[in-house]
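A.B. asks: Protein chains in written order, with the numbering used here: chain A, 40 to 296; chain B, 40 to 296.
In case anyone wonders, no lab produced these hints; they're calculated from the structure. Quick reminder that beta carbons are idealized off the backbone N, C-alpha and C, glycines included. Hints are not guaranteed to be accurate.
Quick list of the computed label-pair ranges, beta carbon to beta carbon [said to hold, decoys possible]:
1) P136/A - A289/B: 31 to 37 Å
2) N165/A - D102/B: 32 to 38 Å
3) K86/A - R106/B: 44 to 50 Å
4) Y250/A - Q84/B: 43 to 49 Å
5) D102/B - D238/A: 54 to 60 Å
6) D102/B - D253/A: 26 to 32 Å
7) G292/A - A128/B: 55 to 61 Å
8) A245/A - R106/B: 50 to 56 Å
9) R264/A - R268/B: 20 to 26 Å
10) R280/B - Q214/A: 34 to 40 Å
11) A155/B - N254/A: 24 to 30 Å
12) S47/A - E275/B: 26 to 32 Å
13) E187/B - E275/A: 48 to 54 Å
Number of protein chains: 2
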Amino acid sequence: MSETSNLSTLSRIRVVLVQTSHPGNIGATARAMKNMGLDRLVLVQPKSFPHAEATARASGADDLLARAQVVDSLAAAVADCQLVVGASARSRTIPWPVMEPRVCAARMLAEAGQGAEVALVMGRENSGLSNEELERCHVHVHIPANPEYASLNLAAAVQVLTYELRMSALAAAGQLPEGEILERDQPLATSAELESLYDHFACALATLDFYDPDNPRQLMRRLRRLFNRARLDRMEVNILRGILSAAEKAAKGKARG
Amino acid sequence: MSETSNLSTLSRIRVVLVQTSHPGNIGATARAMKNMGLDRLVLVQPKSFPHAEATARASGADDLLARAQVVDSLAAAVADCQLVVGASARSRTIPWPVMEPRVCAARMLAEAGQGAEVALVMGRENSGLSNEELERCHVHVHIPANPEYASLNLAAAVQVLTYELRMSALAAAGQLPEGEILERDQPLATSAELESLYDHFACALATLDFYDPDNPRQLMRRLRRLFNRARLDRMEVNILRGILSAAEKAAKGKARG
């Protein structure tokens, strides 16, 4: 099987909600999923569905609700799945392989990319998944929350886990920027342009009689550090030089006046 | 300044909500923050606060609501901050430095750890932050959502961003497991114990007349691969050997009978 881990692979990962009590959480889950590019929602014995509150919280993701599959058991929800991941608060009698969301998302995406059917199973709002349900899972995923207040809202947990799936898919597709995106609408200034700017500063500051008598070089060093750190673009250099020219002109006019 | 990036640093990062319309989102934000170990919430001109819906959605995080600071302007909310990060949908007239959540969280945590006051500013449910508000920020953070359905619920966005802050803090504190956590309640089997198990399998399968006539070695290879992959613990080895012994006994009894 070829590895084709990319954004379309997200469609091969279903989210299964087990016995959800509040329809609002079903709607918020659908919205979180669609925001992250997932689209297959399976509901095991939802208490109230369809429901106006689900539709309201789904916002524009009501298409996921309309296509949601409602089934009678977890077994039916995951029958065709090769990888079943259960969300767990991790305090179970029988320890089980547990992953944090980032590592788990990478695994889910990799297996889905190799053709596996993958399920992310989320438990009830108050009691999560039962031990029997957790034992049906290959691995458990645990969000490392504040131990003093560890219970996330159901849809919030889905948001975190599907966010990690999307980040993993973006990384696999080479679409995840590693650092700061400098969204520039102008080309960056060249070294020569910057040196001209610093020369202009030096001249203008002399014209303005503005210098540090104790250490005249210190001032230029600080200006260089500031503007180099800011990574000036060509237009910014032109703006600064325009200001310096205006200041020079004013100083000369004043000297003449 | 010393670098002390750890979990307590999270308390030095405030979340600022600007003109939130729905009090439920304020409560859900407080819950998301507390789940991730943040505790400073600042509200700029909330439409309705305090409000029963905020308290309901906060679940057990009503202490954060009780301590939330309500102010009249974004300027007042961030006046003492050295790093101001604004959540952005990234389609602005003036491009601005934009980071994805992971990179941005690392930066926020590092600066907070060095003593800076840090703010994460979240805009209105429908229209986000204005250009003027975004220009007050040092950097923008953008959640790389599905471009066809990019607008996250306010509290869901806070959940993702504070999750990344917590993950960054856990990583800095050396508390983030890199891979699968094998929660074991038994010591792993040693190589010698596994070899004894495989010998036992070979004997038992011979006793049971169970073998692959075309390739007798292939079966043992598959069993080795299965159990090595599963990383058996000592108790599991004992269980399997118990089953083999019982099978051997049954086969011999049947042979005698």
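A.B. asks: Now look at each hint and say whether the structure bears it out.
C.D. replies: Going down the list of hints, with the structure as the test:
| no. | hint | verdict |
| --- | --- | --- |
| 1 | P136/A - A289/B: 31 to 37 Å | holds, 33 Å |
| 2 | N165/A - D102/B: 32 to 38 Å | violated, 21 Å |
| 3 | K86/A - R106/B: 44 to 50 Å | violated, 34 Å |
| 4 | Y250/A - Q84/B: 43 to 49 Å | holds, 46 Å |
| 5 | D102/B - D238/A: 54 to 60 Å | holds, 58 Å |
| 6 | D102/B - D253/A: 26 to 32 Å | violated, 53 Å |
| 7 | G292/A - A128/B: 55 to 61 Å | violated, 47 Å |
| 8 | A245/A - R106/B: 50 to 56 Å | holds, 54 Å |
| 9 | R264/A - R268/B: 20 to 26 Å | violated, 56 Å |
| 10 | R280/B - Q214/A: 34 to 40 Å | violated, 51 Å |
| 11 | A155/B - N254/A: 24 to 30 Å | holds, 28 Å |
| 12 | S47/A - E275/B: 26 to 32 Å | violated, 39 Å |
| 13 | E187/B - E275/A: 48 to 54 Å | violated, 35 Å |
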